[in-house]
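*Asks:* Here is what each chain is made of, one letter per residue.
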Amino acid sequence: MKLSVVLFFLLCGSLIACSHEDGPSLDVKNVRILAPLPGSDVGVAYFDVVNNTDAVSHLINMSSPQYGQVAMHETTETKGIARMRPVSTVPVPANSEIKFSSGGLHVMLIDPLAELGPGSQITIQLHFEDNLLIVSTMLQPRRIRRGQ
Amino acid sequence: MEISNRLLVAIFIALAILGGTFFFSKALQSGNSSPEFATVWPRSVSIPEFELIDHDGQPFRRENLTGSWQLMFFGFTHCPDICPATLQQLSLVQASLEKIGQVAPEILLVSVDPERDTPDVLGAYVSYFDANIKGVTGDLDEIRKLTSTSSIFSEKSYQGNDEYTVDHSTVILVVNESGAIHASFSAPHIIGNLVKDLPRITGSK
Numbered sequence: 001m002k003l004s005v006v007l008f009f010l011l012c013g014s015l016i017a018c019s020h021e022d023g024p025s026l027d028v029k030n031v032r033i034l035a036p037l038p039g040s041d042v043g044v045a046y047f048d049v050v051n052n053t054d055a056v057s058h059l060i061n062m063s064s065p066q067y068g069q070v071a072m073h074e075t076t077e078t079k080g081i082a083r084m085r086p087v088s089t090v091p092v093p094a095n096s097e098i099k100f101s102s103g104g105l106h107v108m109l110i111d112p113l114a115e116l117g118p119g120s121q122i123t124i125q126l127h128f129e130d131n132l133l134i135v136s137t138m139l140q141p142r143r144i145r146r147g148q
Numbered sequence: 149m150e151i152s153n154r155l156l157v158a159i160f161i162a163l164a165i166l167g168g169t170f171f172f173s174k175a176l177q178s179g180n181s182s183p184e185f186a187t188v189w190p191r192s193v194s195i196p197e198f199e200l201i202d203h204d205g206q207p208f209r210r211e212n213l214t215g216s217w218q219l220m221f222f223g224f225t226h227c228p229d230i231c232p233a234t235l236q237q238l239s240l241v242q243a244s245l246e247k248i249g250q251v252a253p254e255i256l257l258v259s260v261d262p263e264r265d266t267p268d269v270l271g272a273y274v275s276y277f278d279a280n281i282k283g284v285t286g287d288l289d290e291i292r293k294l295t296s297t298s299s300i301f302s303e304k305s306y307q308g309n310d311e312y313t314v315d316h317s318t319v320i321l322v323v324n325e326s327g328a329i330h331a332s333f334s335a336p337h338i339i340g341n342l343v344k345d346l347p348r349i350t351g352s353k
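First to last, the sequence lines map onto chains G and U. Under my numbering, the first residue of the first sequence carries the number 1, and numbering increases by one thereafter. Under my numbering, the first residue of the second sequence carries the number 149, and numbering increases by one thereafter.
Rather than coming from a laboratory, the hints here were simulated on the basis of the structure. Just so you know, nobody snuck in bad clues.
Using 27 Å as the maximum straight-line C-alpha spacing, the simulated DSSO-like pairs for lysine-lysine come out as follows: (1) Lys79(G) / Lys344(U); (2) Lys79(G) / Lys293(U); (3) Lys344(U) / Lys247(U); (4) Lys304(U) / Lys79(G).
Bound-form chain G, shown alone (with noise of 0.2 Å):
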């Protein structure tokens, strides 16, 4: 089972990067994908959405192996008031790049589906309208500490 689903995102990187002579039409870069906090089962990830084309391209889903549901939010404030809201399509612009970072956009890894702890290996599939792109690194603490 394990085998299938690490050929399954070879292919598909395989495929992605093959087809795109210059270098990717659609790139993700400065992946960060940080464990949840005690109190909560949420890990949260944030990197650039990078859109190489002349054509906006959108992105309207995300997913990972390890868990349940993978949301996009957006943070936004207005006068001192945090709110956070899902959002459904994120359109990345033509020959331009989206962050997702804190304080802005975001992507929530919500229900895990085995005990996930700093170091272990996350993928994240971002579904575009025509396209398919997998990131994977490992989980990191998020705290820092006094004198780091």
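Put chain U on the given structure of chain G with help from the hints.
*Replies:* Just chain U, lined up with the frame of chain G:
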């Protein structure tokens, strides 16, 4: 005649130096004493009596706010973004102030989601950032006594199912040694700004 001219010039120079020194020292004094980034409230607002519990399960009342300066933030443990960032910033602010020998206010997280934030949950959460942070929770009506006094907003927002988040104010309140709200910092919270202003607010040297 020549002597009196020289005397006049000397007096003029002496007066100019004295005047310049006076204005420079005044400017320096006002620059050192006025917070640049915080809003100092025109009148300190005394916090009314309330009955809450801290993350160790101990009673936390108004009297626990007196005797030392406090930085009070309202948030919740399921907050994925703003609250963790703010707690990390406050922890680093406290560490920086201690390092430079200034008064380092205590840090207080008051939960706006007491339904999920039991003392145990809150304790694990705050100590994850810093053992010096105190979490406070309890009955929502008692929490409202704090939030209404300080114009803190909080409201549940359901996400289309049973899951909810809490919209809340991001302001950091500075509570003085008498248990009154003395000043506040609006977001975005920049560590350096707080470190620069807090000694001016607390009056430490």
